[in-house]
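Turn these sequences into a full structure, and let the hints guide you.
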Amino acid sequence: MAGELVLLDFWPSPFGMRSRIALAEKGIPYEYREEDLRNKSDLLLQMNPVHKKIPVLIHNGKPVCESVIQVQYIDEVWHDKAPLIPSDPYQRAVARFWVDFIDKKIYELGSKIWKTKGEEQANAKKEFIECLKLLEGELGDKTYFGGESLGYVDVALVPFYSWFYAYEKCGDFSIEAECPKMIAWVKRCMQKESVAKSLPDQEKVYEFILQLKKVFGIE
Amino acid sequence: MAVVKLFGAWLSPYVYKVIWALKLKGIPYEYIEEDLSNKSPLLLQYNPIHKKVPVLVHDGKPIYESTVILRYIDEIWPQNPLLPANPYDRAVALFWIKFADDKNPIIAKLYQTEGEEQQAVVNEWLEMLEAMEEHALIGGKKFFGGDEINMVDIAFCMVAHWLGVFEDTAGLKVFEPHKFPQVSSWIQNFKSVPIIKDNLPDTDKIVAYLKRRKEMLLTSKSN
Chain A
1 MAGELVLLDF
11 WPSPFGMRSR
21 IALAEKGIPY
31 EYREEDLRNK
41 SDLLLQMNPV
51 HKKIPVLIHN
61 GKPVCESVIQ
71 VQYIDEVWHD
81 KAPLIPSDPY
91 QRAVARFWVD
101 FIDKKIYELG
111 SKIWKTKGEE
121 QANAKKEFIE
131 CLKLLEGELG
141 DKTYFGGESL
151 GYVDVALVPF
161 YSWFYAYEKC
171 GDFSIEAECP
181 KMIAWVKRCM
191 QKESVAKSLP
201 DQEKVYEFIL
211 QLKKVFGIE
Chain B
1 MAVVKLFGAW
11 LSPYVYKVIW
21 ALKLKGIPYE
31 YIEEDLSNKS
41 PLLLQYNPIH
51 KKVPVLVHDG
61 KPIYESTVIL
71 RYIDEIWPQN
81 PLLPANPYDR
91 AVALFWIKFA
101 DDKNPIIAKL
111 YQTEGEEQQA
121 VVNEWLEMLE
131 AMEEHALIGG
141 KKFFGGDEIN
151 MVDIAFCMVA
161 HWLGVFEDTA
171 GLKVFEPHKF
181 PQVSSWIQNF
191 KSVPIIKDNL
201 PDTDKIVAYL
211 KRRKEMLLTS
221 KSN
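Residue numbers (the UniProt record's numbering), protein chains in the order written: chain A, 1 to 219; chain B, 1 to 223.
Just so you know, not all the hints are guaranteed correct.
Listed next, the in silico DSS-like pairs over lysine-lysine satisfying Cα-Cα at most 25 Å (straight line) [what the hints assert, rightly or not]: (1) B:LYS25 x B:LYS109; (2) A:LYS104 x B:LYS39; (3) A:LYS169 x A:LYS187; (4) B:LYS141 x B:LYS25; (5) B:LYS205 x B:LYS52; (6) B:LYS17 x A:LYS105; (7) B:LYS61 x A:LYS142; (8) B:LYS211 x B:LYS109; (9) A:LYS115 x A:LYS214; (10) B:LYS103 x A:LYS105; (11) B:LYS214 x B:LYS52; (12) A:LYS52 x B:LYS205; (13) A:LYS104 x B:LYS211; (14) A:LYS126 x A:LYS115; (15) A:LYS104 x B:LYS61; (16) B:LYS98 x A:LYS40; (17) A:LYS104 x A:LYS115; (18) B:LYS205 x A:LYS112; (19) B:LYS5 x B:LYS51; (20) B:LYS205 x A:LYS104; (21) A:LYS81 x A:LYS192; (22) B:LYS221 x A:LYS133; (23) B:LYS98 x A:LYS104; (24) A:LYS105 x B:LYS211; (25) A:LYS62 x B:LYS98; (26) A:LYS126 x B:LYS52; (27) B:LYS103 x A:LYS115; (28) A:LYS52 x B:LYS98; (29) B:LYS221 x B:LYS39.
Partner residues aside, some chain B positions facing chain A, computed with beta carbon under 10 Å [said to hold, decoys possible]: (30) ILE49; (31) ILE69; (32) ARG71; (33) ILE76; (34) PRO87; (35) TYR88; (36) GLU134; (37) ALA136.
It is worth saying that the hints were derived from the structure and are not from the lab. Even for Gly, the Cβ is constructed at its ideal location relative to N, Cα and C.
If you want it as structure tokens, here you go:
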């Protein structure tokens, strides 16, 4: 079943981190290939001709695109270890709903926080915190969204933690002050090797954002 | 007592996706029409986060977001499967479903925008059609699902039926059949499937409704 596995990725991408965590949780060996997004490889363009984006998971030469689909695929093919997706169909639907919610809201709002200023930024910060609070509500008293072990929602959300410091510096606010339960959950996740090894250092991400701001001419 | 209830709105493509899935699998259900300008307390209770239709309620438990609903239906009632059994083929199907899902809210804005903003929406439509023509419908398949429709065909329903509606409302032609021969064939095939053909909202009715909505939008913009 293992075969050849390659992950085309870019180190600060929260989407790439999802697949890294899933593969690490299941102890699956793979080749990690760093892409230069200003100079995309022929392999990337060939494997993801529609979007030309990372991450791309290549299994025995065949591409799986979109991080949420990669996590599901990894979970299905290597189902005997560390299951991520709930076995109950209703719980599965609930998990898929929250992953869809995270995909629609967190990245976009986070981007607005570091890209904009003034009223637009203030609105983005407000909505961002509201979304995190809704997620806190879903987490409740559980250790992880997946219950006693990491699940699909945990894997989809925790990568954004590596961008929190950058959001906080750019937006001049504290996520922990507003959403302590969320940060407590993050810290539990970060104690897992699969998560800690898959997320880059927050300061490094912040430096990367500062460089991007220069390139895009954002103050 | 109906075990399955569907909260919907007569013109929503997202609702029709669920209706088709239920009918393809022969699942009886109770349909509740929602007035989107005056949503029922029950809908708001079942879907407090997005407050939208469709909402499927199965044995009292609500499920929302049309693709989440479709996948749930496919898993609970496995007859006439809507996704491939093989994990890799399923991953490819899910890619195209996500592609359609991500495009749908943008392309729906064709009749709600003007000028440069509208041109951006037209570009999104063309990108979608090109991707379908060049990458998704390769091999001259009758349907995305092969010989029978599946969840991918259902996901592209806006292209099959609502594109014409948006074009008429906007007074703008986006789709030129000769430029997209595979997509054109697929549209004909899709709309010929009996369950689809018998369960499509009347285009004249939608166009009239959307034209009124467009008027209201433009009036409120200029006020």
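Now for the hints, and whether the structure bears them out:
Restraint check for B:LYS25 and B:LYS109: the C-alpha separation of about 32 Å exceeds 25 Å, so the hint is violated. With a CA separation close to 23 Å, the supplied pair A:LYS104 and B:LYS39 stays within the 25 Å bound. A hinted pair counts as satisfied when its Cα atoms are at most 25 Å apart, and A:LYS169 with A:LYS187 qualifies at roughly 20 Å. The hinted pair formed by B:LYS141 and B:LYS25 meets the criterion: a straight-line CA distance of about 23 Å does not exceed 25 Å.
Restraint check: the Cα-Cα separation between B:LYS205 and B:LYS52 comes to about 21 Å, which is no more than 25 Å; the hinted pair holds. A distance of roughly 24 Å separates the Cα atoms of B:LYS17 and A:LYS105; the hinted pair therefore holds under the 25 Å criterion. Proximity of B:LYS61 to A:LYS142 is assessed by CA-CA distance (about 21 Å); at most 25 Å being required, the pair is judged to hold. This hinted pair checks out: B:LYS211 and B:LYS109 have alpha carbons roughly 13 Å apart, not beyond 25 Å.
For the proposed pair A:LYS115 and A:LYS214, the alpha carbon gap of about 11 Å is at most 25 Å, so the pair holds. For the proposed pair B:LYS103 and A:LYS105, the alpha carbon gap of about 16 Å is at most 25 Å, so the pair holds. Note on B:LYS214 and B:LYS52: the hinted pairing holds, with a Cα-Cα distance of about 20 Å set against a maximum of 25 Å. Between A:LYS52 and B:LYS205, the direct Cα distance comes to roughly 40 Å. Violation of the 25 Å bound is thereby established for this hinted pair.
Restraint check for A:LYS104 and B:LYS211: not satisfied, since their Cα atoms lie roughly 29 Å apart, outside the 25 Å limit. As the CA atoms of A:LYS126 and A:LYS115 are separated by approximately 15 Å, the hinted pair is consistent with the 25 Å bound. A hinted pair counts as satisfied when its Cα atoms are at most 25 Å apart, and A:LYS104 with B:LYS61 qualifies at roughly 23 Å. For the hint linking B:LYS98 to A:LYS40, the alpha-carbon distance of about 23 Å falls within 25 Å, and the restraint holds.
A hinted pair counts as satisfied when its Cα atoms are at most 25 Å apart, and A:LYS104 with A:LYS115 qualifies at roughly 17 Å. For the proposed pair B:LYS205 and A:LYS112, the alpha carbon gap of about 39 Å is over 25 Å, so the pair is violated. With a CA separation close to 16 Å, the supplied pair B:LYS5 and B:LYS51 stays within the 25 Å bound. Proposed proximity of B:LYS205 and A:LYS104 is contradicted: the alpha carbons are some 31 Å apart, above 25 Å.
Distance restraint check for A:LYS81 and A:LYS192: the Cα-Cα separation of roughly 16 Å lies within the 25 Å cut-off, and the hinted pair is therefore satisfied. Proposed proximity of B:LYS221 and A:LYS133 is contradicted: the alpha carbons are some 33 Å apart, above 25 Å. Only pairs whose Cα atoms come within 25 Å are accepted, and B:LYS98 paired with A:LYS104 is accepted, the gap being roughly 12 Å. Between A:LYS105 and B:LYS211, the direct Cα distance comes to roughly 30 Å. Violation of the 25 Å bound is thereby established for this hinted pair.
With a CA separation close to 19 Å, the supplied pair A:LYS62 and B:LYS98 stays within the 25 Å bound. Straight-line distance between C-alpha atoms of A:LYS126 and B:LYS52 comes to about 22 Å, which keeps the hinted pair within the 25 Å bound. Using a Cα cut-off of 25 Å, the hinted pair B:LYS103 and A:LYS115 holds, with the two alpha carbons roughly 23 Å apart. For the suggested pair A:LYS52 and B:LYS98, the alpha carbons sit about 15 Å apart, so the restraint of at most 25 Å is met.
A threshold of 25 Å between alpha carbons decides the hint, and for B:LYS221 with B:LYS39 the separation of about 24 Å falls inside it, so the pair holds. Taking 10 Å as the C-beta contact cut-off toward chain A, the hint placing B:ILE49 at the interface holds, the least distance being around 7 Å. Satisfaction of the interface hint for B:ILE69 is found here, the shortest Cβ-Cβ separation to chain A being roughly 8 Å, below the 10 Å cut-off. Given hint, B:ARG71 at the interface with chain A, holds; its Cβ is 7 Å from that chain's nearest Cβ, closer than 10 Å.
The beta carbon of B:ILE76 comes within 6 Å of a beta carbon in chain A, closer than 10 Å, and the hint placing it at the interface holds. With a least beta-carbon distance of about 5 Å to chain A, the hint placing B:PRO87 at the interface is held under the 10 Å criterion. At about 6 Å, the closest approach between the beta carbon of B:TYR88 and any beta carbon in chain A falls short of 10 Å, and the interface hint on this residue holds. The beta carbon of B:GLU134 is positioned within 10 Å of a beta carbon in chain A (closest approach about 8 Å), and the interface hint is therefore held.
Hint on B:ALA136 holds. Least Cβ distance to chain A is approximately 9 Å, under the 10 Å limit.
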